[in-house]
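All chains, full assembly: derive it from the sequences and hints.
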Amino acid sequence: MTIIVLIKQVPDTETKVRITADKKGIETNDIKWVINPYDEFAIEEGLKTKERLKEGTVTVVTVGPARTVEALRTAVAMGADNAIHVKEEGTLDTYLVSKALAEVCKKENGQIIFTGKQAIDDDQAATFAYVAELLDYPSATVIVKCDISADKTKATLEQEADSGAKNIIETSLPAVIGVNKGINTPRYASLPGIMKAKKKEIKTYTLNDLGLGAETARAIDSDYQLPPERAAGKKLSGDIPTQVKELVRLLREEAKVI
Amino acid sequence: MGNVFLIAEQKDGNIKRVSLEILSELNRQGVTTTAVVPGFGDLAKVTESLVKHGAAKVVVLEHEVLNEYTTEAYAKALHTYLVGQNPSVIITGATSHGKDFLPRLAAKFGAGIAADCVSFQFSGERVSVRKPIYAGKCSKIVDFTTGPAVFSVRPNVLATQEANKSGTVEKVAANPGTVRAKVMSTVASQVKKVELTEADIIISGGRSLKSADNFKILNDCAATVGAAVGASRAAVDAGYAPHDMQVGQTGKTVSPKLYIACGISGAIQHLAGMRTSKVIVAINKDPEAPIFQKTDYGIVGDLFEVVPLLTEELKKLKSQS
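As you go down the protein sequences, you meet chains A and B in turn. For the first sequence, this note's numbering begins at 1 and goes up steadily by one. For the second sequence, this note's numbering begins at 1001 and goes up steadily by one.
Hint data in this document are derived by calculation from the structure and do not stem from the laboratory. Note that the coordinates shown come from a computational prediction; the quantities given were computed from them, not determined experimentally. Backbone N, C-alpha and C define an ideal beta-carbon position, used for all residues, glycine too.
Okay, the calculated bits of chain B under chain A, using three or more residues with CB under 8 Å as the criterion:
id: 1; segment: 1092-1102
id: 2; segment: 1144-1150
DSS-like, lysine-lysine: derived pairs with alpha carbons at most 27 Å apart:
id: 3; chain 1: A; residue 1: K234; chain 2: B; residue 2: K1316
id: 4; chain 1: B; residue 1: K1315; chain 2: A; residue 2: K256
id: 5; chain 1: A; residue 1: K245; chain 2: B; residue 2: K1285
id: 6; chain 1: B; residue 1: K1252; chain 2: A; residue 2: K24
id: 7; chain 1: A; residue 1: K245; chain 2: B; residue 2: K1316
id: 8; chain 1: A; residue 1: K32; chain 2: A; residue 2: K200
id: 9; chain 1: A; residue 1: K196; chain 2: A; residue 2: K32
id: 10; chain 1: B; residue 1: K1278; chain 2: A; residue 2: K235
id: 11; chain 1: B; residue 1: K1216; chain 2: A; residue 2: K166
id: 12; chain 1: A; residue 1: K235; chain 2: B; residue 2: K1216
id: 13; chain 1: B; residue 1: K1108; chain 2: A; residue 2: K154
id: 14; chain 1: A; residue 1: K87; chain 2: B; residue 2: K1108
id: 15; chain 1: B; residue 1: K1182; chain 2: A; residue 2: K154
id: 16; chain 1: A; residue 1: K234; chain 2: B; residue 2: K1278
id: 17; chain 1: B; residue 1: K1252; chain 2: A; residue 2: K256
id: 18; chain 1: A; residue 1: K235; chain 2: B; residue 2: K1316
id: 19; chain 1: B; residue 1: K1193; chain 2: A; residue 2: K256
id: 20; chain 1: A; residue 1: K50; chain 2: B; residue 2: K1182
id: 21; chain 1: A; residue 1: K203; chain 2: A; residue 2: K87
With beta-carbon atoms standing in for the labels, derived distance ranges:
id: 22; chain 1: A; residue 1: K24; chain 2: B; residue 2: Q1029; range: 24 to 32 Å
id: 23; chain 1: B; residue 1: G1110; chain 2: A; residue 2: K24; range: 21 to 29 Å
id: 24; chain 1: B; residue 1: N1219; chain 2: A; residue 2: R52; range: 34 to 42 Å
id: 25; chain 1: A; residue 1: D12; chain 2: B; residue 2: G1226; range: 30 to 38 Å
id: 26; chain 1: A; residue 1: K199; chain 2: B; residue 2: K1216; range: 47 to 55 Å
id: 27; chain 1: A; residue 1: S190; chain 2: B; residue 2: V1172; range: 51 to 59 Å
id: 28; chain 1: A; residue 1: D151; chain 2: B; residue 2: Q1161; range: 52 to 60 Å
Right, dumping it as structure tokens:
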């Protein structure tokens, strides 16, 4: 059984965002690049699934510029068997990335496809479902538990729904599963894993190799802006009961929010 | 401006407010809109409020299967209907369902997509959207090269406004196709919770809460004003709160009218997730906590003393009104 994990390299959450002069992106000079945190859960779920099934391979895939190969090497160091890099330096969007990922999934005949519920850079939360639709596979997201049936034809999933509810979803395989924090605790890369990852041959495709040479992004970004700074407000004074009374009065009469 | 469609969302015959928020904004911009609402049964209240908020036409996509939400049935039914309507723009609310089916619908059209936008601007045949990224550390404009333009809009950002217009209502038998990922059952939360991303008021706790049990003092306070309870990543990582309560870059991005941060220092990734709240209150023992730089009102004090007093004051207020 081929387990595929779709991953993205993103700036670390501690990154202070600065905008480029042409306002078409963010400054990337000092950025620490990491695997999208939700995709780390997806990698771990892929590895765990392989261990539970006692068979299969885990293949990690990413689309992006040369630097993104580091994300693949980290995933191999965690235990992934194979890594595939769709190398593209140009403008990408959900459409183009999903097209490329779907082509790779077809080539590799992925039976279970894991990915994070969203990437923490563009917050689109769209790739899992876009890829699923292109492959005509079912999809489910915000998954916090995943059990594959013994005959490997279906999966039982626990989905976080609104207001703290949980849905139990049953899906046929192949399927695309978007995972949430809480599904597992991602393992650290082992020392032998890191050594292996250094030497691992990473399969590389271009969009052209995937038959997508004529395709371009359909959503185009511009005019990046920082949010307006919030002015620091007032710290209240007096003893605590006085401050609380004053707070409630201000929320009621000045801010008019309660 | 071509054919503009709002995919409206309802649950048990009640319209989601975000659908009306988007419709009101379309109306303010003079955009003629068809509202499409998947569902089954008595949807009179839903269609009435859509017309009232400016839909020129309401189409009910009717099928028993659409009574309960599933990704595949919604995407299939919507595409089957829309593909014959030559859509130029497809919009929906960035709710958990909206964010789930919209990419599948976009993929059926091979369209570009922008999720969780905070504004949109029509000009002639084109629409541009503004979308926060990095959990709101910055935002960008997205334009669409080949149509249709497909995007979702964040709840609680646009104002609802009734329009003085008439509209028609039409029922269409929907084709939901085959559903392979089925919801077998739903387990409701033991405590009745208000959904964070749609809440008007949020009270959040940090690691200073010291235990999961202590979140009760926030729950008690929240109950007085119908607020949702959130948590910082530090509190979630410490096991004091489940991840579905986490506000921030690796949790939920929220924009309530009032956000009360209790014992939260204000890490950059938390601020990113709540900075668009209309009014922010911080309660923190440390007068130097970075959160005070971003708040409208601050109380320097121990949350275990402040929050119960706040609960009492809010109760008094409730009993007066």
